[in-house]
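2 protein chains.
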Amino acid sequence: MAIIVTGAGGFVGRQIVQRLLDAGQSVVGMDTVATGIPTGARAVAGDVCLPAVRAQAFRDGCAALVHLATVPGGAAEADPAASRRVNIDAMYDLLDDAKAAGNRPRIVYASSIAVFGDPLPAAGVDDRTPLAPRMVYGGHKAMMEIAVAMMHNRGEIEGISVRLPGILARPKGPSGMKSAFMSDLFHALRAGEAFICPVSTGATIWAQSVSRCADNLLHALTMDAARMPATRVVTLPAQRITMGDLAAEIARQCSVSPDLVTYQPNAALEAAFGANPPLATPAADHAGFAHDGDPATLVAQALSVIAAG
Amino acid sequence: MAIIVTGAGGFVGRQIVQRLLDAGQSVVGMDTVATGIPTGARAVAGDVCLPAVRAQAFRDGCAALVHLATVPGGAAEADPAASRRVNIDAMYDLLDDAKAAGNRPRIVYASSIAVFGDPLPAAGVDDRTPLAPRMVYGGHKAMMEIAVAMMHNRGEIEGISVRLPGILARPKGPSGMKSAFMSDLFHALRAGEAFICPVSTGATIWAQSVSRCADNLLHALTMDAARMPATRVVTLPAQRITMGDLAAEIARQCSVSPDLVTYQPNAALEAAFGANPPLATPAADHAGFAHDGDPATLVAQALSVIAAG
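Keeping their order, the protein sequence lines are chains A and B.
Take 468 as the starting number for the first sequence in the numbering used here and just add one per residue.
Take 468 as the starting number for the second sequence in the numbering used here and just add one per residue.
Please note: incorrect hints may appear among the correct ones.
When chains are identical, the list treats them as one kind, so a pair holds in a single copy or across two.
[As the list claims (entries may be wrong)] With a straight-line cut-off of 20 Å between C-alpha atoms, the simulated SDA-like cross-links for lysine to any residue are:
hint	residue 1	residue 2
1	566	517
2	566	546
3	566	548
4	566	544
5	566	747
6	639	512
7	639	553
8	566	638
9	566	761
10	566	601
11	639	500
12	566	545
13	566	549
To be clear, the hints were calculated from the coordinates, so they are not data collected in a lab.
Source: prediction; values computed, not measured.
Take the sequences, apply the hints, and build the full model.
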């Protein structure tokens, strides 16, 4: 039986699939196209909404499922019906497929800090912060966290939802993420190019490198079930850093001037992504999840993934 | 423009439709069949899952929506796919229809204490209790509470979810509710018949009369929006009463012996419905919702609705 990974050709999915393959695991990689799914995985290319595509993936059962495929925030806002189709309906179908596998497989669901709302509550976020999504993406993620917890509570799956902060750095090019500017900053400075940052120098973000994100998702996949919180949800630890400090560290490591960056804040982006308040994640800390440790490590990890292509 | 009520032929829906009509409101009553929808409402009979049926209901716009139609707990457990179709998919479509009406209509959604899990947390329930649904019904209700809050936060509707406790007394006959025994107790004692209660004499339930429930839902429909909690959810106040005390009060008001009731507890029902812990509802209290006040009033109200047929 294989571990099924959806969004396997994406920038987080590729990391996870490759590490599972390196560990000798049998992996099924699902994505809309096979390009990007690491060699060695059984690639299932197609629309996750289609029963025939899912049936191909679940053909030999399901040892576990890492569900990353999603219509991301900006795209969901532009097309709420597409978000409903993929982020709710297809995911519910996947959960039913996993339940039907009959072996109560572990399911790791990539959720998002968007469940807390937009903007995030100014007083800070911890494990007791009520969910108050405003973006379609965050609303749908919060709904499906409940579906995961409910099916877990029923004994149908062993589920855990993992809320991701900003993940650095995403590949160049359109991502459908409104937070893409955080990654674009890396690409610009690495290329020695000027960059107009759409939030202020003092804008605070929550961030994690893509390799640390993969570590955390794999931890969720393999950790002792007894350490998981009863709520079946963790908000991942993240470094809280200003865009100015992040730019300075990237510039230092890329040996370019931080003056390449000019700041022209957009009010909507500043509110949505530049005002991340203090974050406490006791449940995740207790369960062994972690952030990168310090800004230098965060930036070095992000740059090394970019360099590896 | 009319107020649309789904489940308008049901035992709560009928009360609400009749009171709205009595107050001179224009009402559209939706239900699977027209029987039971009070005369004076524009009846729309059919499957709420069908776009054509919903289009008929929304034909002249939507002043407000009271959404009561549901696949109830026992039926949802027996057929999770039907619950998904009605309790998630059709309701999401209704929310989209209400959003499309364009006037940001108020939506009152009848949710349930099942969102807290089964059994309820022994330490008690208050407005900070995390949701931990285990029944399909409770899971789907919790998911749609989030959909209501998200669409409210987006300014697309003015939404409020209202979590109902046990409502007394439902009509005789199959209801699809696992908690039907609470109402069957009323019907038996009123008829002077013996009743075998499937939970113990000390089983504690949370209860509200059907007329008080209608009061509360109409309060949600008409109250000042400024008094609503930011979470857009209230857990209704309820009386916490033992089955023994409830039976004694019904017997007193019906002038029969409480010895007509014998107790043969079923472990599953006792755990699911007979162990309701202390309940605190500060958000609802602050917003003007209330329970019946005392057991005598609760029972009298329930019996008077039965007597009225």
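To see whether the hints hold, each was checked on the structure:
{"no.": "1", "hint": "566 x 517", "verdict": "within (17 Å within a copy, 28 Å between copies)"}
{"no.": "2", "hint": "566 x 546", "verdict": "between (29 Å within a copy, 15 Å between copies)"}
{"no.": "3", "hint": "566 x 548", "verdict": "between (26 Å within a copy, 13 Å between copies)"}
{"no.": "4", "hint": "566 x 544", "verdict": "between (30 Å within a copy, 15 Å between copies)"}
{"no.": "5", "hint": "566 x 747", "verdict": "neither (33 Å within a copy, 36 Å between copies)"}
{"no.": "6", "hint": "639 x 512", "verdict": "neither (22 Å within a copy, 53 Å between copies)"}
{"no.": "7", "hint": "639 x 553", "verdict": "neither (24 Å within a copy, 42 Å between copies)"}
{"no.": "8", "hint": "566 x 638", "verdict": "neither (34 Å within a copy, 36 Å between copies)"}
{"no.": "9", "hint": "566 x 761", "verdict": "neither (40 Å within a copy, 45 Å between copies)"}
{"no.": "10", "hint": "566 x 601", "verdict": "between (30 Å within a copy, 15 Å between copies)"}
{"no.": "11", "hint": "639 x 500", "verdict": "within (18 Å within a copy, 56 Å between copies)"}
{"no.": "12", "hint": "566 x 545", "verdict": "between (32 Å within a copy, 16 Å between copies)"}
{"no.": "13", "hint": "566 x 549", "verdict": "between (24 Å within a copy, 17 Å between copies)"}
Comparing the model with each earlier hint shows violations of hints 5, 6, 7, 8 and 9; every other hint is respected.
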